[in-house]
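For this one, chain V is given, so just place chain G on it according to the hints.
Number of protein chains: 2
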Amino acid sequence: MTDSDKNTRHQARMARKKAMIDASIARADQEKGLLLVLTGNGKGKSSSAFGMVGRSLGHGMTVGVCQFLKSRTDTGEEAFFGKQAGCDWHVLGDGFTWETQNREQDIATSQRGWAVAQRMLADPRYDLVVLDELTYLLNYGYLDADQVLDDISARPPMQHVVVTGRAASETLRDFADTVSEIADVKHAYRDGIKAQQGIDL
Amino acid sequence: MTDSDKNTRHQARMARKKAMIDASIARADQEKGLLLVLTGNGKGKSSSAFGMVGRSLGHGMTVGVCQFLKSRTDTGEEAFFGKQAGCDWHVLGDGFTWETQNREQDIATSQRGWAVAQRMLADPRYDLVVLDELTYLLNYGYLDADQVLDDISARPPMQHVVVTGRAASETLRDFADTVSEIADVKHAYRDGIKAQQGIDL
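Residue numbers (numbering that gives the first Met the number 0), protein chains in the order written: chain V, 0 to 200; chain G, 0 to 200.
Bound-form chain V, shown alone (with noise of 0.2 Å):
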């Protein structure tokens, strides 16, 4: 085939393409607040959620964000996003539940962070809530997971809110109207990498 053959076909295979593209775009009309979960084992949960923060600021929206098991305030994410206007975040964690070993202690902090979130919830001034790292809290009890559920679903029409963590529950994939998947394909963790600046944290 001849360049010249090839620079046609893909033109008819391109015009193609752009028919059915624009027809499923304008089949996709509707707004409305969303519910994402990323889930799964692999690297990019948070980092997403952090990134549709940095999206959602380069549109003037406000955002709230909750990380729920994280204690430690030295991270890239807040020191670079907790100072921006119009993003009010939180570091609700005590350290994950391995350090404290206490569980009426993480279910207390578990549940003051809830408070939290559902000032957010509640409160249509925020455009997206992110719940960083929320499922763990759920899988392991220290929420009712029936008032979390009822609790995003009461909130603003147009709020969009972000779960992530891993093994999020079929209820709360049920419930939302984005999934993602994350597989751990490979990790340089494994290859004896410790956490990088910028990258991990």
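Watch out, some of these pointers could steer you wrong.
[To be verified] With beta-carbon atoms standing in for the labels, derived distance ranges: (1) Arg189(G) with Asp190(V): 32 to 40 Å; (2) Ala153(G) with Pro123(V): 18 to 26 Å; (3) Ala22(V) with Gln10(G): 55 to 63 Å; (4) Ser70(G) with Asp2(V): 20 to 28 Å.
[Unchecked claim] Straight-line C-alpha distance at most 25 Å; calculated SDA-like pairs for lysine to any residue: (5) Lys16(G) with Asp190(V); (6) Lys185(V) with Ala27(G); (7) Lys193(V) with Asp183(V); (8) Lys16(G) with Ala194(V); (9) Lys185(V) with Ser23(G); (10) Lys16(G) with Ala25(V); (11) Lys16(G) with Tyr188(V); (12) Lys5(G) with Asn101(V); (13) Lys5(V) with Arg165(G); (14) Lys185(V) with Phe174(G); (15) Lys193(V) with Ala166(V); (16) Lys185(G) with Ala25(V); (17) Lys69(G) with Glu103(G); (18) Lys17(V) with Lys5(G); (19) Lys69(V) with Leu200(V); (20) Lys185(V) with Gln29(G).
Just so you know, these hints were derived from the structure itself, not from any lab.
Note that the Cβ used here is the ideal one computed from N, Cα and C, for glycine as well.
Just chain G now, with coordinates in the frame of chain V:
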């Protein structure tokens, strides 16, 4: 089981978990510039790269971003990150290939774009380089894959590179330190919801 039993068992289980995790952290003690590949059909590949941009800026790192397919400059990510000190943002596309329908034009655009990436990959002042939607240019054959991999592997040793896009090749995966495959379990788009500001653009 009483609450007190539950708490005691929890403490023992978490103490074992902490010992395992601490040992695994102690084993991962190396630092190097990573190549991360975010692929798959699900939502969250570019968002995740942009989250790492935010994290890196929070640590005072210098970041370069090449958006290879995108031609629109009204996205939230560009509005937000493009104006940040330490972030060098380039929108290098002519639109998606089905918009131009012109293979020769797409090849020329891709090669001009790659020259921008090459400059970043050769410059140790960049701590992180994001090559957003690069896989499409490789999969369509618009760029020479060997050249691209040579340029990535010749970069400064502490520079991180994040590549996004569907259908990353086996070669690219082999080459990477971390690979996440993002599965599209569910997407609001298929329910007629259009791309939402802050979430998708």
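- Check each numbered hint against the structure and report the violated ones by number, ascending. 2, 10, 18
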